[in-house]
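Trainee: The residues making up each chain are set out below.
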Amino acid sequence: MPRLIRNRALAEDRYTLLRDAATLADVPDGVPIIVPLALWSERRVALIARGETGVWLAPADDPGTLAADVARLAVIAIDFPQFTDGRGYSHARLLRERFGYAGELRAIGDVGRDQLYYLAQCGFDAFAIPDGRDAAAAIAAFADFSDGYQATFSRTPWFRRRQVATAVANACVSCP
Amino acid sequence: MYRYDAFDHRLVQERVAQFRDQTRRFLIGELSEDEFRPLRLQNGLYIQRHAPMFRISIPYGLLSTAQLRKLAEITRRYDRGYGHFSTRQNLQLNWPRLEDVPDILAELASVEMHAIQTSGNDVRNITSDHFAGVARDEVVDPRPYCELIRQWAALHPEFAWLPRKFKIAVTGATSDRTAVLLHDIGLVLVKNGAGDIGFRVIVGGGMGRTPMIGHVIRDFLPRAEILNYLDAILRTYNRFGRRDNKWKARIKILVKERTPARFARDVEEEWSRLEGGAATVPDAEFDRLASYFSAPPYDNAVDDEPAFKSALADNRAFDKWVTRNVHPHRIGGHAIVTLSLKRTGVPPGDATADQMDAIADLADRYAFGEVGVSHEQNLILRDVRQRDLFELWSALRPLGLATPNIGLLTDIVCCPGGDFCSLANAKSIPIAEAIQRRFDDLDYLHDIGEIDLNMSGCMNACGQHHIGHIGILGVDKNGAEWYQVSIGGSQGNDAALGKVIGPSFAAADMPDVVERLIDTYIERRHGDERFVDTVRRIGIEPFKERVYATAH
Numbered sequence: 001m002p003r004l005i006r007n008r009a010l011a012e013d014r015y016t017l018l019r020d021a022a023t024l025a026d027v028p029d030g031v032p033i034i035v036p037l038a039l040w041s042e043r044r045v046a047l048i049a050r051g052e053t054g055v056w057l058a059p060a061d062d063p064g065t066l067a068a069d070v071a072r073l074a075v076i077a078i079d080f081p082q083f084t085d086g087r088g089y090s091h092a093r094l095l096r097e098r099f100g101y102a103g104e105l106r107a108i109g110d111v112g113r114d115q116l117y118y119l120a121q122c123g124f125d126a127f128a129i130p131d132g133r134d135a136a137a138a139i140a141a142f143a144d145f146s147d148g149y150q151a152t153f154s155r156t157p158w159f160r161r162r163q164v165a166t167a168v169a170n171a172c173v174s175c176p
Numbered sequence: 001m002y003r004y005d006a007f008d009h010r011l012v013q014e015r016v017a018q019f020r021d022q023t024r025r026f027l028i029g030e031l032s033e034d035e036f037r038p039l040r041l042q043n044g045l046y047i048q049r050h051a052p053m054f055r056i057s058i059p060y061g062l063l064s065t066a067q068l069r070k071l072a073e074i075t076r077r078y079d080r081g082y083g084h085f086s087t088r089q090n091l092q093l094n095w096p097r098l099e100d101v102p103d104i105l106a107e108l109a110s111v112e113m114h115a116i117q118t119s120g121n122d123v124r125n126i127t128s129d130h131f132a133g134v135a136r137d138e139v140v141d142p143r144p145y146c147e148l149i150r151q152w153a154a155l156h157p158e159f160a161w162l163p164r165k166f167k168i169a170v171t172g173a174t175s176d177r178t179a180v181l182l183h184d185i186g187l188v189l190v191k192n193g194a195g196d197i198g199f200r201v202i203v204g205g206g207m208g209r210t211p212m213i214g215h216v217i218r219d220f221l222p223r224a225e226i227l228n229y230l231d232a233i234l235r236t237y238n239r240f241g242r243r244d245n246k247w248k249a250r251i252k253i254l255v256k257e258r259t260p261a262r263f264a265r266d267v268e269e270e271w272s273r274l275e276g277g278a279a280t281v282p283d284a285e286f287d288r289l290a291s292y293f294s295a296p297p298y299d300n301a302v303d304d305e306p307a308f309k310s311a312l313a314d315n316r317a318f319d320k321w322v323t324r325n326v327h328p329h330r331i332g333g334h335a336i337v338t339l340s341l342k343r344t345g346v347p348p349g350d351a352t353a354d355q356m357d358a359i360a361d362l363a364d365r366y367a368f369g370e371v372g373v374s375h376e377q378n379l380i381l382r383d384v385r386q387r388d389l390f391e392l393w394s395a396l397r398p399l400g401l402a403t404p405n406i407g408l409l410t411d412i413v414c415c416p417g418g419d420f421c422s423l424a425n426a427k428s429i430p431i432a433e434a435i436q437r438r439f440d441d442l443d444y445l446h447d448i449g450e451i452d453l454n455m456s457g458c459m460n461a462c463g464q465h466h467i468g469h470i471g472i473l474g475v476d477k478n479g480a481e482w483y484q485v486s487i488g489g490s491q492g493n494d495a496a497l498g499k500v501i502g503p504s505f506a507a508a509d510m511p512d513v514v515e516r517l518i519d520t521y522i523e524r525r526h527g528d529e530r531f532v533d534t535v536r537r538i539g540i541e542p543f544k545e546r547v548y549a550t551a552h
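For the protein sequence lines, the chains are A and B, in the order given. Numbering-wise (the numbering used here), the first sequence opens with residue 1 and increments by one. Numbering-wise (the numbering used here), the second sequence opens with residue 1 and increments by one.
FYI, nobody ran anything at the bench for these hints, they're computed from the structure. Possibly wrong hints are sitting among the right ones.
The following label-pair restraints were derived from C-beta to C-beta distances [said to hold, decoys possible]:
1) B:220 to A:8: 38 to 46 angstroms
2) B:500 to A:25: 56 to 64 angstroms
3) A:147 to B:422: 33 to 41 angstroms
4) B:492 to A:136: 30 to 38 angstroms
5) A:7 to B:500: 55 to 63 angstroms
Calculated from the model, a selection of chain A residues having no Cβ within reach of chain B, i.e. all distances over 10 angstroms [as the list claims (entries may be wrong)]:
6) 1
7) 6
8) 8
9) 45
10) 65
11) 72
C-beta: ideal position from N, C-alpha, C; glycine also.
Go ahead and model the full structure; you've got the sequences and the hints to work with.
Mentor: Here's what the structure looks like:
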């Protein structure tokens, strides 16, 4: 079982992930689940009624499909079949910044410590670390960089903050 | 030039620490080769034929003398005392040890340098005009804009895992010297009718296996929007670029498959959601960046003072060098000097540590402590007083850096090829040398005039053979090294892709082939027409007939 990191700490994972070919018959009663986008699109009403259902997106899926559902989904997961396939980074930013998704955004698949910093900058706050990788040690990677130049989900570009930071620094230096 | 502040320093140092830890985990077996490879590539480290190859970023081809001395020191301490300046204005080392790379990165960080994203499927080094800031035909100095884009690209969290590598060039002159039409994104700084600065945006150009000329998708983008617009292009590419086939993964294929018009609409739609957002650049930031590139204290001098003119008249060799290697400067009495790294017998673009140190000393004395790198693999002193040229030339000659061949046949652009590169199908350096030796008569070389000869050891086109007036591509035929020749390519405002003249040749035939191409040109040229102009006028047939009539 993958270990879950949520909000930069190891966390319990209540959700069961249903992979590609899942049908409604695979959905166990009373267990929180994350279903493929195709199943969600097909059985949306039934799954909404069921509650505690999240959706996962494959790299080729359109995150815009979930635009109308962002307020009712507690978990959206984005799959990385290989960590070198970067489409999910853009999907995450679109979900967060364009569609206003505020729930848990989880990276699943080939997720390792060397991807965590950038993933977090794009809006992911949960990470399913596969077996064989040290999830506890991976948490240190969130501190790989203290800041960055670009506008991301969690910060404005440095050039917008620089003047304020410089003014504050100067003010402190000149404190009596 | 740009100087790091505490923020820039911290990021680069954090990158060094990150890669040091990644290297450590790889060496103890915690990271597999497959996991480590993309990480090391994003720090410029390839595993090559003999040893790792390590590529150091030289943002928009600009170095301080302190940086150049550090590069010399690094090549001595960690390599074999030389480096190779590449067509992306970077420096490559051919013999470092993997274990040493974190230490090399730390050395680089101490002089405000890094190797971030010099390889990998990410945004690579931003290239620019090697005459930026001093060219007479410059409309807008591209350097502050390059620095803005360098910062945007560096460690961009959304675009570290693109379908394929991504190259951006920026120019602000009326004559293009950056091959701006042959980049994933080409940006031309322009002024509109109101005098506002903006960009003409070109996408989908590139060389490699499927060379294409880029398409203008926007004639004028206000400069404040540049990062929003780049985000829009990169996001469109990141989401929709092909990932099923490495050879169809560059943005040019997406632009072609969607058509440039539809691709432009997709980008504009994405941009409309980002326009005016957090990444909009305020004027104050442009002003701040521009302040790093203010003009040095030039002399009050005029062009062609008597002493300079008499030196030209008295010394034919000096006159030849000035004709070929010195370009007009926007300030009277000053000159732009190109130091040729194309001396026969030395691999094109290579410089030794001793040469780097000597160049740094000369740049401190004559050129305000800055050295440029051109994508033609030569070094540039941008701000030399005309009255110092003779002294500078006299100092460059014993260093082997005054070969008067800039823009001539022996100024060959060439990748490291099969001698070093594990991707190469064929060697390139010995072919370049054989051609240089064939054309060793300086008077004849000058008579042939301007000609770009570009050579790549494989389809990846690091030697930019598609835009050579003569382009040579190393190919593999049943395990043997062969060379395919194209003519009529060009960079610049009228960029064109060369046309292949026919079946490929054995290595030993290449000097003869080039000689026959040149003979055809000499016989058929009109007036002071360049080689490429003659090819355009009469087509490739006469050249083809001549070459194949006797070669086969």
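Trainee: Are the hints correct? Go through all of them and say.
Mentor: Hints and how they fare:
The given range of 38 to 46 angstroms is respected by residue 220 of chain B and residue 8 of chain A, whose C-beta atoms sit roughly 44 angstroms from each other. One distance hint, 56 to 64 angstroms for the beta-carbon pair residue 500 of chain B and residue 25 of chain A, holds here, with the actual separation near 59 angstroms. Between residue 147 of chain A and residue 422 of chain B, the C-beta spacing of about 37 angstroms keeps the proposed range 33 to 41 angstroms intact. Between residue 492 of chain B and residue 136 of chain A the CB atoms are about 56 angstroms apart, so this pair departs from the stated range of 30 to 38 angstroms.
Checked against the given bound of 55 to 63 angstroms, the beta carbons of residue 7 of chain A and residue 500 of chain B, roughly 58 angstroms apart, stay inside it. Under the 10 angstroms C-beta cut-off, the non-interface status given to residue 1 of chain A relative to chain B holds; the minimum distance is some 21 angstroms. Residue-level check passed: residue 6 of chain A sits 19 angstroms from the nearest beta carbon of chain B, beyond 10 angstroms. Every beta carbon of chain B lies more than 10 angstroms from that of residue 8 of chain A, the smallest distance being close to 16 angstroms; the non-interface claim holds.
Every Cβ of chain B is farther than 10 angstroms from the Cβ of residue 45 of chain A; the closest lies at roughly 29 angstroms, confirming the non-interface assignment. Listed as outside the interface, residue 65 of chain A is consistent with that label: its C-beta sits roughly 13 angstroms from the nearest C-beta of chain B, beyond the 10 angstroms cut-off. With a minimum CB-CB distance of about 23 angstroms to chain B, residue 72 of chain A clears the 10 angstroms threshold, and the non-interface call stands.
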